[in-house]
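Participant: Here is what each chain is made of, one letter per residue.
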Amino acid sequence: MSTIDFKKSYLIQQEIYNQPLPVRERTTQPIHTGSSVIGIKFAEGVMIATDTQISYGSLAQFRSIQRIHTFGNRTLIAASGEYSDFQFLLDGIRALETTDICHDDGKRISAPELHSWVTRVMGQNRAKMNPLWNYILIAGVDKNRSFLGYVDLVGTNFEDNTLATGLGDYIARPLLRKAWRPDLTEQEARKTLEDCMRVLFYRDARAINKIQIGTVTATKCEISEPILLDTTWI
Amino acid sequence: MTSVGTGYDYSATTYSPEGRVFQIEYASKAVDNSGLSIGVRVKDGVVLGVEKIRVSKMHVEHSNRRLHTVERHIGCADAGLMADARNVVNRARSEAANYFDNYSHSIPVRALAERIAGFMQAHTLYGHVRPFGCSILLAGYDRTGPQLYMIEPNGIHLGYFGCTAGKTRQAAKTELEKLKLNELTCEQAIKEVARIIYKLHDENKDKDFELEIACANANGFKVVSKEILEQAENYAKESLNDEMNE
Numbered sequence: 021m022s023t024i025d026f027k028k029s030y031l032i033q034q035e036i037y038n039q040p041l042p043v044r045e046r047t048t049q050p051i052h053t054g055s056s057v058i059g060i061k062f063a064e065g066v067m068i069a070t071d072t073q074i075s076y077g078s079l080a081q082f083r084s085i086q087r088i089h090t091f092g093n094r095t096l097i098a099a100s101g102e103y104s105d106f107q108f109l110l111d112g113i114r115a116l117e118t119t120d121i122c123h124d125d126g127k128r129i130s131a132p133e134l135h136s137w138v139t140r141v142m143g144q145n146r147a148k149m150n151p152l153w154n155y156i157l158i159a160g161v162d163k164n165r166s167f168l169g170y171v172d173l174v175g176t177n178f179e180d181n182t183l184a185t186g187l188g189d190y191i192a193r194p195l196l197r198k199a200w201r202p203d204l205t206e207q208e209a210r211k212t213l214e215d216c217m218r219v220l221f222y223r224d225a226r227a228i229n230k231i232q233i234g235t236v237t238a239t240k241c242e243i244s245e246p247i248l249l250d251t252t253w254i
Numbered sequence: 014m015t016s017v018g019t020g021y022d023y024s025a026t027t028y029s030p031e032g033r034v035f036q037i038e039y040a041s042k043a044v045d046n047s048g049l050s051i052g053v054r055v056k057d058g059v060v061l062g063v064e065k066i067r068v069s070k071m072h073v074e075h076s077n078r079r080l081h082t083v084e085r086h087i088g089c090a091d092a093g094l095m096a097d098a099r100n101v102v103n104r105a106r107s108e109a110a111n112y113f114d115n116y117s118h119s120i121p122v123r124a125l126a127e128r129i130a131g132f133m134q135a136h137t138l139y140g141h142v143r144p145f146g147c148s149i150l151l152a153g154y155d156r157t158g159p160q161l162y163m164i165e166p167n168g169i170h171l172g173y174f175g176c177t178a179g180k181t182r183q184a185a186k187t188e189l190e191k192l193k194l195n196e197l198t199c200e201q202a203i204k205e206v207a208r209i210i211y212k213l214h215d216e217n218k219d220k221d222f223e224l225e226i227a228c229a230n231a232n233g234f235k236v237v238s239k240e241i242l243e244q245a246e247n248y249a250k251e252s253l254n255d256e257m258n259e
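Chains as they are written, first to last, in the numbering used here: chain A, 21 to 254; chain B, 14 to 259.
Hints are computed from structural coordinates only; laboratory data are not their basis. Please note: incorrect hints may appear among the correct ones.
[To be verified] Here are the simulated lysine to aspartate or glutamate pairs, DMTMM-like style, with alpha carbons at most 20 Å apart:
id, chain 1, residue 1, chain 2, residue 2
1, B, Lys212, B, Glu256
2, A, Lys127, B, Glu74
3, B, Lys191, B, Glu259
4, B, Lys235, A, Asp120
5, B, Lys235, A, Asp124
6, B, Lys204, B, Glu246
7, A, Lys148, A, Glu214
8, B, Lys235, A, Asp125
9, A, Lys240, A, Glu206
10, B, Lys204, B, Glu240
11, A, Lys127, B, Glu259
12, A, Lys163, A, Asp189
13, B, Lys239, A, Glu133
14, B, Lys239, A, Asp124
15, B, Lys235, A, Glu206
16, B, Lys218, B, Asp45
Work out the full structure: start from the sequences and follow the hints.
Facilitator: What follows is the structure, encoded as structure tokens:
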């Protein structure tokens, strides 16, 4: 019978146990993700839509999450990608809004200004190699001028009449482009967004058919209650 | 018992033989020299009114506000040295933001009053900083309803139904005591506050003044709109005329 060196085995066990833990110091992959956000400008304003699901990989974990939020009186912000990063960004946006309210100088931060701020935040985090893993749409109306902008995790940003993130950029965007006219009515815009979200539900494996639509015009800024889309699978 | 502080009033770190700290009392004198500030807590909110004495005809209207928004649901009026007040208000904003960062909940008015009071009191402890020469009338609306606090230069903060600060505060307090504050609405209170400020404004001593009014109610803290302010001023001027005609 060979002797067992208990002291040695104990020391080896301690050595393994006391190894420094591998610590992640930056976001490398999104974990809880939201799917596409789509948006279209219409005559009086801008409209964006998201579904209400947060996926955990292939698990449809949360199915009633609001992914569109308001900022100030006339701006909407919605995001796909890592939801916790969006929540973190929303905290910063809320603090920005509070500071804006406290200034009380008759002017509030508008959608293009928020878009610029978010772009800088996303860009700075990317520069630190620790991005906020989101693809964001910002919609608003400022002095009767509609705004629809996109920002993503690396700080890419642009404006357009129709925009979408994720799979929506491939599937919905052509449909949105086809439907867009400068004098598009609110009802037509709503129908177009609903149709696009339906197609996305058919084709995107990480989507559900419960959606929310945010509308902003010169006079209102509102997010609808969740809408269940009817589908025809045959 | 001397009410003159000779010898004991050079530093906030010195007590007088009667146990008074004269520097803090002198700070209150700075508050007493300012234009009138009134706060009233009524049924559905809190109304703040300020008599902003226009020092020069060259001043732009609405500049140098004496009403400040601290959070969405809290605001304040100041009395005394305005620059000191700006320092305190910035600290209050920072405290409110910090509270939200920690608790994900808007700061209760009482908690903010305590923090401001602590901040102001801290400046009464040392020889190398002077006490703040301002009082803050803090108005807010939170889960417990409308609340009004006044924080004085010595750090005392008390909740009030009606409080006044500035030159004509005693006369204003008397006027407030005539009102049934817990039966008024914000709308009525705005008019009454305007009336009191106009009534007690001394035309001979300070020529021109600007009226500022704000209201904290369930919709948050807002400086009142031009229309409401005009209505209140008209009501105040009519009341003055009625009194003169009597």
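Participant: Compare the structure with the hints numbered earlier in the document and write down the numbers of the violated ones, lowest to highest.
Facilitator: Of the numbered hints, 7, 11, 12, 13, 15 do not hold.
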